[in-house]
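**Q** These protein sequences, in sequence, are chains R and G. Residues in the first sequence are numbered consecutively from 1, following this note's numbering. Residues in the second sequence are numbered consecutively from 1, following this note's numbering.
Keep in mind the hints are simulated off the structure, nothing from the lab. Be aware that one or more of the hints could be misleading.
[Stated by the list, open to error] Only some residues are given here: those of chain G computed to face chain R with a beta carbon under 7 Å:
no., residue
1, Tyr292
2, Phe303
3, Ile305
4, Arg319
5, Ala352
6, Ala382
7, Phe386
Cβ atoms here follow ideal geometry from the backbone N, Cα and C, with glycine treated the same way.
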Amino acid sequence: MNRPIRGVAVVSLLMMLALMLNLSVAYVAQTDYFYNRPENRRVTDARFGQDRGAIMVGNTPIAKSSEVSDRFLFQRSYPSGELYAPVTGYYAYLYGASGLEGSYSAELAGQDNSQFLSRLINLASGARPKGGTVETTISAKAQKAAWKALDGRKGAVVAIDYKTGAIKALVTSPSYDPNKLATHDLVDSTKAWNQLTTDADKPMANRATKEIYPPGSTFKLVTTAAALENGASPEDSIDGSSYKLPGSTKVINACAGGKITLAQALKVSCNPAFARLGVAVGDAALREQAEKFGFGSKYLPEIGSAASRFPDELDPAQTAMSAIGEFEVAASPLQMAMVSAAIANDGVAMEPYLVQRVLDSDLRVVSQTSPRKRTQAVSATTAGQLKQMMVQVVEGGTGYRAQIPGVTVGGKTGTANSDNKRRPYAWFTAWADDPSVAVCVFVEDAEMASSEIAGGRVSAPIAKAVIEALR
Amino acid sequence: MDGVVSYRKRRGVEAFMLGFSILLAMAGYLLTHLNRDASLPPLWPVALITLGGVGVGLHLVIRWRIPYADPLILPLVMLLNGLGLAMIHRLDLDDLKAPHSAELQLTWLFVAAAACIAVIVFLRDYRVLQRYPYLLFLAGMTLLMLPMVPGLGKEKNGAQIWIQLGNYSFQPAELAKLVLTIAFASYLVEKREVLALAGGRVLGLDLPRPRDLGPILVMWLVSLAVLVFQKDLGTSLLFFGLFVVMLYVATEKPSWPILGTAMFGAGAFGAYLMFGHVQTRVSAWLDPFSNYDRNYQVIQAQFGIAWGGIFGTGWGLGRPDITPLPKTDFIAAALGEEIGITGLITIVMIYAVIVARAFRAALGAKDPFGKLLAAGLGFVFAIQVFAIIGGVTRLLPLTGLTTPFMSQGGSSLVTNWIMIGLLLVITHQVRRPAAVVAAMPMASLEGDTTELIDVSPLMATPRPAAPPELLIPEGSPDDQTGQLPTIDADQPTGPIPATGPISTSDETAEIARPDQDEATTWDATDTEVRP
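Just chain R, same shape as in the assembly:
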């Protein structure tokens, strides 16, 4: 019987060998595959529990990780959560990451390819891997000033350094506290999520970049630019009397008895004058100009944005309405800030950016953003004329509340009240020569009766506060 016993013994040991080979081959070869499966909670949990680096505003962290004793080891916290929520986004176990937490996740976790060297050093020295730091362009002063000036009203403020494109303030209100989503108490996190996503005030909507609204009279800057680029001059006179839209019964009320200059029309934000101007330059020219300012494009991929819209295929009546920022024209506050920024920067539109530098865990710079020109939105001549006209708006027109002694400020008010059921949107977009900043303020619910100067009354003081904070 010994021969078959030996045979069976060999078969048994071959079975054991098969187990060992399978273990070696299957797992060593398939580790990456298993790691990259989205269902793999071990991997997602471990990533969630990493010691992530901070997101900085100046020298102050606005998102940081601190050691805790639960299974995730590190808790993400946001010291001024509501204030910076549109920038940081959240980092939650159940809901993933948004904002810079999402777009710079690999860098913050220290897992980006650019941080390969420090990872290698950590591995060799046995140190626990630490994440990199993301430095934003935000100015804490401007951000706080904008938040304070908005005072809880629904709206948004965007401030851009127009010489570089760096975002100095990005505020949206109402906001939310990312700490409530980032908590490791998943029941609380779920509750907070359900509450935030069902809130009628949409606190998680980023009104500064991801929502678009009718820009109202602030769009007249684009109409003016189109006219100037097509041979008009600020001194050209336009009919400011009431204007019956071509092919329609709708009448735009007069702002003046007769003819006024283009500069004067902008200063008083004369609707019939710009409606006529828009029809005169045509929808194609308006669209081309709007696109040069950035309509139809998306910016700030790090936090995401919605493209502003200038509609296609317009008849003259629609063109007239579009020229004064109504009909289907819609823009984000970021976009309207970029219009002022391009005008202030001699017609050069800079690419906006939010992240200045990324450092690895040993504070070596792994990447740095350098200013980049986007387009020449208008010629330097046109830009100069527009600047002059905008200064007049602030010095003696609808935007007078934005005046700052010792600073040249140019701006344009806007009040979008196309829909009579809701309160008007109050807009103000402006720039200052020193600091070199362009600001757009948008207040969704201007808590006052519809009137032409809502933008000037509600929004201009906010812009002024932001500019002053940056001095």
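Put chain G on the given structure of chain R with help from the hints.
**A** Positioned in the frame of chain R, the structure of chain G alone reads:
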């Protein structure tokens, strides 16, 4: 004494390795707590004393009753059991519903060790087991079929291999594998000559006679019933494989395993084509991600082992609790996660060594029943480890078998320890010197195999039997601990004295008749003399 292998007792080696095993298991327990709380568990001296006590108890009983037993088996089994306990305890820490499984399992270890000791003490001559092949076969089949009884059987984890009695559930296949191994061994000892007769010859293979196909057909149908109705490939493979392998060992005819493999393959393929749940199992094996929710468990096990990587996360630092049933079916995945692929391969190697020692005992055993039993026990462990670890690591479709000595569960632990007790007894009989008989001239004539010492004259192929008077022992050998026939005579089972050939060589005695009293079965298979 040329050509006679004389074994040393090696009990000192066993004691040393046993200590080492217990230290390794304790290391798992202590590291779990050091890694998680940075402090030693307060009860660690109790755990050490308890585990050590079981080890020392077993060791002392072996020294007393079967001093020539294989010195490797006990330490290796204790190591597996200890690592299993440490892992169950580690999983308790993350298990809010059942935080005291390790204590329960430790209690079962006491029961299992007691059962093993009982086997060692009362069954020094394992040949008494040879007497009741049909009764044991019937009992084993009943156990195997119990889960199919409506109201009694219970489906767990997709396989209906449990029975529920009150709130105690029990895997009867565990006990069945012990009972059937003994039944097969005793049946085949009796029938092997007949089954070895050649029938027709096809493709160079001597096929068995068609009239001898009955037993294999019965086992084949039973295995298919297990596969189809209990939905468990592992159990099915275990019993059919065991039977076919023991048939092969008994008859030395390669046609049996070839026929058996073909039958099992055809049956399994047929079941795959005909039954949806078999297809489900196969698809969970080949492509688990095709249905994440249904194959959640096996997918999580893959994630766990991958997460552990080559060296594991370390005791207490992985997440084996994510995988459902980590303490029972998937303890191999939990170990793979925390002590790595390296650790799991080591565990497979420990099983391989235990299996190898069993086959070694089979090679050395002097009686056909001992050979068959040892080979059967070795193969049961081998195929069980192959099926369950292969299932967890997706080498095979997943099965509901337990991981011997490691999985949580009383029925499995007790059965496996009884099997180890039997194996130890067999190894003792194999290894102990038989000074009296070996000195006799007849022994040297049988020197065709190295291990022949005492009983070989009786095992040999039919030859003129040795004069009966030569085979009567003159007294108890030196190594015996006072085991005289008279001492065992009052045992209820009426066991055969294990002091070597007592046989009166009454060749014509009826085989395996329960009322037989003395060891007439020694050479029963060697002689086809039937009444």
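**Q** Please go over all the hints and tell whether each is borne out by the structure.
**A** Cross-check of the supplied hints:
For tyrosine 292 of chain G, the interface hint holds, the least distance from its beta-carbon to any beta-carbon of chain R being 6 Å, beneath 7 Å. The interface hint given for phenylalanine 303 of chain G holds, since its Cβ lies 5 Å from the closest Cβ of chain R, which is under the 7 Å cut-off. The interface hint given for isoleucine 305 of chain G is met, as the beta carbon of that residue sits about 5 Å from the closest beta carbon of chain R, less than 7 Å. Checking arginine 319 of chain G against chain R by beta carbon gives a least distance of about 5 Å; that is within 7 Å, so the hint holds.
The closest approach between the C-beta of alanine 352 of chain G and any C-beta of chain R is roughly 4 Å, which is under the 7 Å cut-off, so the hint is satisfied. Given the 7 Å rule on beta carbons, the hint for alanine 382 of chain G holds: about 4 Å separates it from the nearest Cβ of chain R. Restraint check, phenylalanine 386 of chain G versus chain R: the minimum CB separation of about 4 Å is within 7 Å; hint holds.
The earlier numbered hints are all upheld by this structure, with none contradicted.
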